[in-house]
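**Q** For the protein sequence lines, the chains are U and B, in the order given.
FYI, the numbering used here numbers position 237 of the first sequence as 237, with every residue one higher than the one before it.
FYI, the numbering used here numbers position 247 of the second sequence as 247, with every residue one higher than the one before it.
The reader is advised that the hints may include incorrect statements.
Claimed, not checked - Some chain U residues near chain B, calculated using beta-carbon distances under 10 Å:
id, residue
1, R47
2, V89
3, R103
4, A149
5, N342
Honestly, the hints are just simulated from the structure, not real lab data.
We put the beta carbon where it would ideally sit given N, CA and C, even for glycine.
2 protein chains.
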Amino acid sequence: MRYSQLFAHTNKSAKQQDSVNATLLTKAGFIYQTMAGVYTFLPLGLRVLNKIENIIRGEMDKLGSELLMTTLSPKENWQTTGRLDSVDVLMKAVPANDAAQARHNGEYIINPTHEDLITPIAQRFKPSYKDFPFAVYQIQTKFRNEPRAKSGLLRGREFRMKDLYSFHTSEADLKPFYEKVKESYKAIFNKLGLGKDTVVAVASGGDFTKEYSHEFQTICETGEDTIYIDEENNMVYNKEVAPADTSSMKEVKACEVGNLFPLGTRFPDAFDYKFVDAEGNRQPIYMASYGLGSSRVMGVLVEKFHDDKGIIWPETVAPFKVHLISIRVSGDKIYKTLQAHNIEVLYDDREDVSPGQKFGDADLIGIPWRVVVSAKTGEQIEVKHRTQEESHLTDFASFLKEL
Amino acid sequence: MRYSQLFAHTNKSAKQQDSVNATLLTKAGFIYQTMAGVYTFLPLGLRVLNKIENIIRGEMDKLGSELLMTTLSPKENWQTTGRLDSVDVLMKAVPANDAAQARHNGEYIINPTHEDLITPIAQRFKPSYKDFPFAVYQIQTKFRNEPRAKSGLLRGREFRMKDLYSFHTSEADLKPFYEKVKESYKAIFNKLGLGKDTVVAVASGGDFTKEYSHEFQTICETGEDTIYIDEENNMVYNKEVAPADTSSMKEVKACEVGNLFPLGTRFPDAFDYKFVDAEGNRQPIYMASYGLGSSRVMGVLVEKFHDDKGIIWPETVAPFKVHLISIRVSGDKIYKTLQAHNIEVLYDDREDVSPGQKFGDADLIGIPWRVVVSAKTGEQIEVKHRTQEESHLTDFASFLKEL
Numbered sequence: 001m002r003y004s005q006l007f008a009h010t011n012k013s014a015k016q017q018d019s020v021n022a023t024l025l026t027k028a029g030f031i032y033q034t035m036a037g038v039y040t041f042l043p044l045g046l047r048v049l050n051k052i053e054n055i056i057r058g059e060m061d062k063l064g065s066e067l068l069m070t071t072l073s074p075k076e077n078w079q080t081t082g083r084l085d086s087v088d089v090l091m092k093a094v095p096a097n098d099a100a101q102a103r104h105n106g107e108y109i110i111n112p113t114h115e116d117l118i119t120p121i122a123q124r125f126k127p128s129y130k131d132f133p134f135a136v137y138q139i140q141t142k143f144r145n146e147p148r149a150k151s152g153l154l155r156g157r158e159f160r161m162k163d164l165y166s167f168h169t170s171e172a173d174l175k176p177f178y179e180k181v182k183e184s185y186k187a188i189f190n191k192l193g194l195g196k197d198t199v200v201a202v203a204s205g206g207d208f209t210k211e212y213s214h215e216f217q218t219i220c221e222t223g224e225d226t227i228y229i230d231e232e233n234n235m236v237y238n239k240e241v242a243p244a245d246t247s248s249m250k251e252v253k254a255c256e257v258g259n260l261f262p263l264g265t266r267f268p269d270a271f272d273y274k275f276v277d278a279e280g281n282r283q284p285i286y287m288a289s290y291g292l293g294s295s296r297v298m299g300v301l302v303e304k305f306h307d308d309k310g311i312i313w314p315e316t317v318a319p320f321k322v323h324l325i326s327i328r329v330s331g332d333k334i335y336k337t338l339q340a341h342n343i344e345v346l347y348d349d350r351e352d353v354s355p356g357q358k359f360g361d362a363d364l365i366g367i368p369w370r371v372v373v374s375a376k377t378g379e380q381i382e383v384k385h386r387t388q389e390e391s392h393l394t395d396f397a398s399f400l401k402e403l
Numbered sequence: 001m002r003y004s005q006l007f008a009h010t011n012k013s014a015k016q017q018d019s020v021n022a023t024l025l026t027k028a029g030f031i032y033q034t035m036a037g038v039y040t041f042l043p044l045g046l047r048v049l050n051k052i053e054n055i056i057r058g059e060m061d062k063l064g065s066e067l068l069m070t071t072l073s074p075k076e077n078w079q080t081t082g083r084l085d086s087v088d089v090l091m092k093a094v095p096a097n098d099a100a101q102a103r104h105n106g107e108y109i110i111n112p113t114h115e116d117l118i119t120p121i122a123q124r125f126k127p128s129y130k131d132f133p134f135a136v137y138q139i140q141t142k143f144r145n146e147p148r149a150k151s152g153l154l155r156g157r158e159f160r161m162k163d164l165y166s167f168h169t170s171e172a173d174l175k176p177f178y179e180k181v182k183e184s185y186k187a188i189f190n191k192l193g194l195g196k197d198t199v200v201a202v203a204s205g206g207d208f209t210k211e212y213s214h215e216f217q218t219i220c221e222t223g224e225d226t227i228y229i230d231e232e233n234n235m236v237y238n239k240e241v242a243p244a245d246t247s248s249m250k251e252v253k254a255c256e257v258g259n260l261f262p263l264g265t266r267f268p269d270a271f272d273y274k275f276v277d278a279e280g281n282r283q284p285i286y287m288a289s290y291g292l293g294s295s296r297v298m299g300v301l302v303e304k305f306h307d308d309k310g311i312i313w314p315e316t317v318a319p320f321k322v323h324l325i326s327i328r329v330s331g332d333k334i335y336k337t338l339q340a341h342n343i344e345v346l347y348d349d350r351e352d353v354s355p356g357q358k359f360g361d362a363d364l365i366g367i368p369w370r371v372v373v374s375a376k377t378g379e380q381i382e383v384k385h386r387t388q389e390e391s392h393l394t395d396f397a398s399f400l401k402e403l
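Isolated chain U, as found in the complex:
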């Protein structure tokens, strides 16, 4: 894509915000803050979000089918599960003005999570023991009544999330699937470049379950959570459930990027959803839900991977693979050649901008490979990886191999 056709562009003078990810993603033209905790994904940001979500989708497709549930739901679903009055992040949609009120005075829940929705859907399609186990997931926008929306994409009122739900005829059947999801999450965070800094912590079940849950926590100085790492016993605890004596453990800040909730029979029971066993008897159904915040992951990636010049995207989620800069010569030929090789390229074709500004923007945006063509480079190209200090001259064929 040509930079001149990108719609949004960098804005180095944008003011510092309360977090590195909000500041850098705004300056580099990835996101636009509509209000606290609510961000528009500009073209560059949407490309990164799509790549993150496609990595997640690739792993989830091995576990279950993708569907797309609704944002609105009737209050009845939440009454049935007992969460209508108790969940303090719950919002509802009501008419916004007198004209709307006169037109139609309905009230609908705006879903922050979908256990209360997927359970009756599963009940509709999966009555028999022969149908079990099964799992479904979606990737969707979620909403929370958040008092302190802050830290850019780390804590939003509106955010993107993958949620997977699995249903089982027994706890014994649930357990191995639950472990399989953990392995799937590890594969996802490895692909996202967060594998080595992401740990699985024991945590409380919150609004979901009285049992312990599990959180994928990425160690990150600016994270909101405190976790304790017990290296001796190979255990990690969220502060809220850590054993009394944590003095022998390492205390670190972390950001929750995924969670796993063993829900027991709570939600199926609430809807009187039982399976019919081989003898024709109705039996309780065991359920678990598994969240992974795709927009939050985008924020965490920036918190982890940046320097004083800008963002440093992992190759798997970078908006483009190559950032092509032309200096006083046309880069059109190399641009077309890169495209012909199916290499995603952002081409800074601006003519009224100094080389220094183009280099600065490239560092800020954080695409892995910077390629420069100028009078100086002749038939060659000047190549630099975002993580390297020095550039080198090379010919196109060698660069292709390097990629």
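Given chain U's structure and the hints, the job is docking chain B onto it.
**A** This is chain B only, laid out in the frame that chain U set:
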């Protein structure tokens, strides 16, 4: 994909609903009604929706950049444009219970359209005449305070939509782009199989503009709109703006699948968004918005393309290209061969279901090509197109050519 792993399945005994699309899409397992006008897209339905949206995306990418705006917005944006109190489809998000109210008592508009959002974003990035013209689009879930949500996917409280916005330095510059979008829409509806029955009608500007707008209307007996076709003068009018004497025109029912609003300077003016011309003077900006309802299109396709046995999907949007049915022999080999040829195939691998039920489900689901393997077919396959009455025996290589 194996039918047994599809999560949702057909349900022929599902009750008749108020429209053909709601009835057939529900019976065939494409959608699940969460409440009036609010539908979950089950795996088959999500596949169709994605195909429709990717066809739209392919054309839109020629006109502008894709971004993803927010569902929530601050009231201020709507106060600025004067639409906060006047738009009667407007809903707002408020805390859903006392606990939520105590936690955070905010109110946010739930966007039914995004002129009020995109204008300040454009203002942030596009100040100079050198930046014009430009266009951006998104594909996103929208919300309307709808009193009579009905007709399945034709009129929803929550629905999917593509919205494109273009900005110009003059009406003269806007006009050719506006015509270009019309051509783009024609290309989209052709690809969707709706081209020959879709006309461009003159309509009122509604909440958007005092000028006339244009609607893409698909002629459809069950459509909510009435349009008048003036064949002599090659004009089409929505009833609301039709000339007084319509007796010489053909009156038909139609369903609005797209619209184009020439908005003049209204929205940029409201935000005091002007461009700076070559002489340094601030000048008014002309804007237009262009909607296309992707989930409604899915409903219209079913209204148009079905018979008494079920849905007949156009090949471009069908959830799969081939519906493979095995009868008392394994279809695994042909299933894997089709996949190896990158042919999207739904494989009805169920063993506890009669051939008659499998054939009935195939007709109901409406995938273009039905392929049967059985003891009778031997090394050959039995092929039938959904639009044909008769099947024929053929070998795999010939079938590949037929595809």
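**Q** Name the hints, by number, that the structure is in violation of.
**A** Going through the list in order, the structure violates hint 5 alone and respects the others.
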